[in-house]
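Novice: Given next are the chains, with one letter for each unit.
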Amino acid sequence: MEAAGPARSPGHPDDRDLIEAIVEQATAEVDDSATPPELTGASVSYLPVATRRPEAAPHRVDEARRSDVDEWGRSEHMRSIVRRLYDPMYRYWFRVEWEGLEKIPAEGGALLIANHAGAIPADAPAIMHGVETELGRPVYGLADYFFRTLPGVGTMWSRTGGVPAHPDNAYRILHDQQQLALVFPEGTKATSKTYTDRYRLRRFGRGGFVEIAMRAGVPVIPIAVVGAEEAMPIVFRISGVAKALKLPYFPVTANSLLLGPLGYVTYFPAKFKLRVLDPITFDVEPGLERYSRSRVMDEAERIRASMQDTLHDMLRERRSVWFG
Amino acid sequence: MGRRVLITGLDTFWGGRMAQALEAKPDVEMILGLGTKEPRVPLERTEFVRSDQKYSILSRIVRATQVDTIVHTFLETNSLAVPGRVLHEINVIGTLNLLAAAGASGASVRKVVVKSSTHVYGAAEQDPAWFREEDTRTGPVRTKLERSLIEVESLVRDFADDNPHLDVTVLRFANVLGTDIVTPISHNLRRRVLPCIAGFDPLVQFVEEDDVVRALEFATEHRASGVFNVAGDGKLPWSEVASIAGAHLLPLPPLRPRLFAAPLDRLGGVRFPPEMEGLVRYGRGVDTERLRRAGFEYRYTSAGAVHSFARANNLRRATGSTTPEYRYEQDVEQFFRHSPAVVRGIDT
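Chains as they are written, first to last, in our numbering: chain W, 359 to 682; chain E, -12 to 335.
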């Protein structure tokens, strides 16, 4: 395999120039990538303490790359394809309507949180699509690492902006890169709940999202979503199947009762209404390792209560599940 | 007095490269290399001592030569290269003896540099995108290689705790690619096939071989105690690695992909070591801020390392030539180094 191509001896006079040219080309790019300065003086007193900060290291990432997949796995190219495919669904199926979208900042990090619903939740793509098309900035959707374990799905999820929900990942996105992150503090407790519990917010985890926002020094922006509960409601769950398939839960949805297996890929055309609440900033010093547990839990509970109130408000105003 | 450096694994790729790099430094007075076989690269002033892989003679050598720095490059990070039992002997028992010699009373050692690997973090679905040095792995230890490296690092940690007057540096290197190094990944890429797991396209990091040597040099020259990750900037998808290197992806089934490893190797010479499974499923990223803050500068990014390999590989394909094999000749080397007949200090 090594000797691909015609077997000519490398020493052939005609080839020499060519080979030298190739070698030059191959080494040239290495050479011009900044010769490193001498790290120590000529006479070394034993081991100087390393304190130098490097000045602008030679970043050549873009030049060398062949795809636009970023360090989180998100590809803007893939995202734009998905946006084009999803847009009709967003516009004509769910007829998504936003209220207060201007409260989401056009730059700087912010942690978006929302209520979560539906066996295969339709709210995450709707929020990500809406923010990306309206504000023109990427949203990273933090979700359970379970997605990563699924072949195909995991890769697709990652390319379209999904990131495993790890506090460290969230901190880097929010603080170091000043981007938008979307989390659902209820987690799978919300998506696995049955239709009888619709619009009843579950516990907001252990308030981890508040702590991350405090540490990163970014606001929390709650979004109340109405409609996702009715798009794919769960009638009941079968725990045995979930265990056998190693899924977090196995739902039997109204969609699947009507449409069979097709029901797992078909949403009901519920009208989506999203209301952005006022951003919440915390008056604490960012960057600490730990924050007062009681403060964190209080803030989380306050946010949960205000979201629950907003949901009730929106439901009071809603006259029809399908037409809003 | 200049520095006196002992390198383990002189016959391996890293030992040889490290010795060559140190020979160029005028402040290094003496370089001593240990190896189980003869060195494979031409060396000018490095002394070579043959030893067994467990280094049982090491404490005598350390005492006799009064070395102040030990560079431990002889850790096997490819489980296909040696049988499991030998892997344990080389990595764990070898390190044990090395540390015993370095910490013996009367030893002149002041610095120990260990070349470890980011394999100690494993690769699992619950991993953070970027491991910091103090993070622990999230998944269970599944492979012999990872187990042995973790054991080595815990030995080194204990050693550093017991000998606070010594400067102990552990460098954890990401997967290496470059012009010359042969790893299972580069072996596959040279054959234009890269095994992957169907449905997974993880993000991976690489470090270029020159940066590996430079990082080892950096560690011997600076006071930098503790553990440091070493990897190029950025990450790139596994599929992009194949595309840059002009290789085709070979998808293995998501369930038990390792069942196909042995037949693949037998039939097509495609290497798929056990420690690669996690990597090609979930990828791995390490935070390199700590070494950067200590003053180290990388010459290559992760993608740059893959390009460096690809360029060298293109040249190999075009010319069909490889560098001529170097043969170590004991008597000749000894003559040039020690005979009074050789006039020193002139270019020959």
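It should be emphasised that the hints constitute simulated quantities derived from the structure, not laboratory data.
Just so you know, even glycine gets a beta-carbon here, dropped at the ideal spot from N, CA and C.
Among the clues, some could well be false.
To be verified - Taking lysine to aspartate or glutamate and the EDC-like style, the derived pairs with C-alpha atoms no more than 20 Å apart in a straight line are: (1) W:Lys601 <-> E:Glu138; (2) W:Lys631 <-> W:Glu465; (3) W:Lys604 <-> E:Glu208.
Said to hold, decoys possible - Sample of chain W residues at the chain E side, in silico, Cβ under 10 Å: (4) Arg453; (5) Trp456; (6) Phe504; (7) Asn527.
Novice: Any of the earlier hints contradicted here, and which numbers?
Specialist: 1, 2, 3, 4, 5
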